[in-house]
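Chains as they are written, first to last, in the numbering used here: chain A, 2 to 199; chain B, 2 to 199.
Derived from the structure by calculation, the hints contain no laboratory data. This structure is a prediction, so every number in the text was calculated from the model and none was measured. There's no promise every hint is true.
[To be verified] Cβ pair distances, simulated, as ranges:
# : chain 1 : residue 1 : chain 2 : residue 2 : range
1 : B       : A147      : A       : D39       : 44 to 52 Å
2 : A       : T149      : B       : Q179      : 18 to 26 Å
3 : A       : S57       : B       : N103      : 25 to 33 Å
4 : A       : G49       : B       : E14       : 49 to 57 Å
5 : B       : R76       : A       : K11       : 35 to 43 Å
6 : B       : K42       : A       : V37       : 23 to 31 Å
7 : B       : A53       : A       : D59       : 32 to 40 Å
[Stated by the list, open to error] No farther apart than 30 Å at their CA atoms in a straight line, the calculated lysine-lysine pairs in the DSSO-like style are these:
#  : chain 1 : residue 1 : chain 2 : residue 2
8  : A       : K122      : A       : K42
9  : B       : K42       : B       : K122
10 : B       : K25       : B       : K11
11 : B       : K58       : A       : K175
12 : A       : K11       : A       : K42
13 : B       : K175      : A       : K58
14 : B       : K25       : A       : K122
15 : B       : K11       : A       : K98
16 : A       : K98       : B       : K122
17 : B       : K58       : A       : K98
18 : B       : K42       : A       : K58
19 : A       : K58       : A       : K11
20 : A       : K58       : A       : K25
21 : B       : K122      : B       : K25
22 : A       : K42       : A       : K25
23 : B       : K175      : A       : K122
24 : B       : K42       : B       : K11
25 : A       : K122      : B       : K98
26 : B       : K11       : A       : K58
[What the hints assert, rightly or not] Where chain A lies over chain B, by a calculated footprint (3+ residues, C-beta under 8 Å):
#  : region
27 : 108 to 120
28 : 125 to 136
29 : 151 to 164
30 : 179 to 185
Every residue gets a Cβ at the ideal spot worked out from N, C-alpha and C, and that includes glycine.
2 protein chains.
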Amino acid sequence: MINMKVTREKSAENRRALIHAASKLFRQHGVDGVGVADIGKEAGLTHGALYAQFPSKDALAAEALADAQLRSHQRMIASAKDGEPAVGEHLDSYLSKRHRDNVATGCAIAASGSEIARQDKSVSRSLAEGFERTVRALETAVQPSAVTATSRERALVIAVAEIGALIVARGLAKSNPQLSDEVLAASRRVLGEIGGER
Amino acid sequence: MINMKVTREKSAENRRALIHAASKLFRQHGVDGVGVADIGKEAGLTHGALYAQFPSKDALAAEALADAQLRSHQRMIASAKDGEPAVGEHLDSYLSKRHRDNVATGCAIAASGSEIARQDKSVSRSLAEGFERTVRALETAVQPSAVTATSRERALVIAVAEIGALIVARGLAKSNPQLSDEVLAASRRVLGEIGGER
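One chain only, chain A, in its complex shape (with noise of 0.2 Å):
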């Protein structure tokens, strides 16, 4: 009995190194870019004890975006200075040089979204699940502004453009900086703008 609890309390920790090494590996490198080995040797598993929980790349890759995708959540949350976030300290953060120039720890769509579609269903699944969590989250706290679209619609849209922001900001950014830190400086103004600031 008691060995039997060490196996699955070890089981539930290979997973959890897994899911972490993954998840940072697929930002940094892409999902195509990173190879199931290096996923296993960053988590200091062997080949067999990865495949033991995740039968392929794509499982591992739809869990590694829920989980990404979730602390980003809970992270959006924490930050809110009475529990209910508002959508400009969202935006500061979001939109930040620092957030841009640290890919492997932030937004999981921004750092792997143009290579999403090409992966299973279950991976188009799991960013669906976090992307309608954030929606909701802005669409609570977006306020009443000058642009007549609902406020789902708004929150929509804001989800979307920041992530747009993001990749195109850390494309621009070996060859031109300013313009990188032009489209953050724009983004965080407009869409402050669309959630309701003044």
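We have chain A already, so just place chain B on it with the hints.
Using the frame of chain A, we list chain B on its own:
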């Protein structure tokens, strides 16, 4: 002399074939998902012919991205009814289900966006040139709107937001086509408003 001319023409033809093949394959499978051998094969050329034109995969990626962005820009100009692209017309086309469902012939930034930051500086330079050109065209096209940000800021945000919308809509399509459609429709409406549509 005749032979040299033929060789020069053949060389230019090979170059075009390689750029065309790379541009299509990178959009379909991602920059990391395609090897130089695949590109040579798609173009019907040998490895040697490829390296005679492009010293590295990054050099080819930079040129393929530049070419795809120029084509997108030319389509945007050509589709404008009176030669001046209108924001609404551009958004109708960019945020269409057809564009979402045809990655190989669509916007190269949306297709490879999150991978660009992982390529070398020449790819970033291509992105910056093409992106700046699109932003300038949008800047001329935007009309006064309820959003108080400048035309330049609004143009920057329309450009990054439509990219983010397309990336997320593609990622969602396999598991939640309804949410994917909703992202496109909300983005069409809100970005139109930012661009001065009433």
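Right, here's what the structure says about each hint:
no., hint, result
1, A147(B) to D39(A): 44 to 52 Å, "holds (49 Å)"
2, T149(A) to Q179(B): 18 to 26 Å, "holds (23 Å)"
3, S57(A) to N103(B): 25 to 33 Å, "holds (27 Å)"
4, G49(A) to E14(B): 49 to 57 Å, "holds (51 Å)"
5, R76(B) to K11(A): 35 to 43 Å, "violated (56 Å)"
6, K42(B) to V37(A): 23 to 31 Å, "holds (26 Å)"
7, A53(B) to D59(A): 32 to 40 Å, "holds (38 Å)"
8, K122(A) to K42(A), "holds (26 Å)"
9, K42(B) to K122(B), "holds (26 Å)"
10, K25(B) to K11(B), "holds (21 Å)"
11, K58(B) to K175(A), "holds (18 Å)"
12, K11(A) to K42(A), "holds (17 Å)"
13, K175(B) to K58(A), "holds (18 Å)"
14, K25(B) to K122(A), "holds (23 Å)"
15, K11(B) to K98(A), "violated (46 Å)"
16, K98(A) to K122(B), "holds (19 Å)"
17, K58(B) to K98(A), "holds (29 Å)"
18, K42(B) to K58(A), "holds (27 Å)"
19, K58(A) to K11(A), "holds (21 Å)"
20, K58(A) to K25(A), "holds (14 Å)"
21, K122(B) to K25(B), "holds (21 Å)"
22, K42(A) to K25(A), "holds (13 Å)"
23, K175(B) to K122(A), "holds (6 Å)"
24, K42(B) to K11(B), "holds (17 Å)"
25, K122(A) to K98(B), "holds (19 Å)"
26, K11(B) to K58(A), "violated (43 Å)"
27, 108 to 120, "holds (count 10)"
28, 125 to 136, "holds (count 6)"
29, 151 to 164, "holds (count 10)"
30, 179 to 185, "holds (count 3)"
The structure does not agree with the numbered hints 5, 15, 26 stated previously, though it agrees with the rest.
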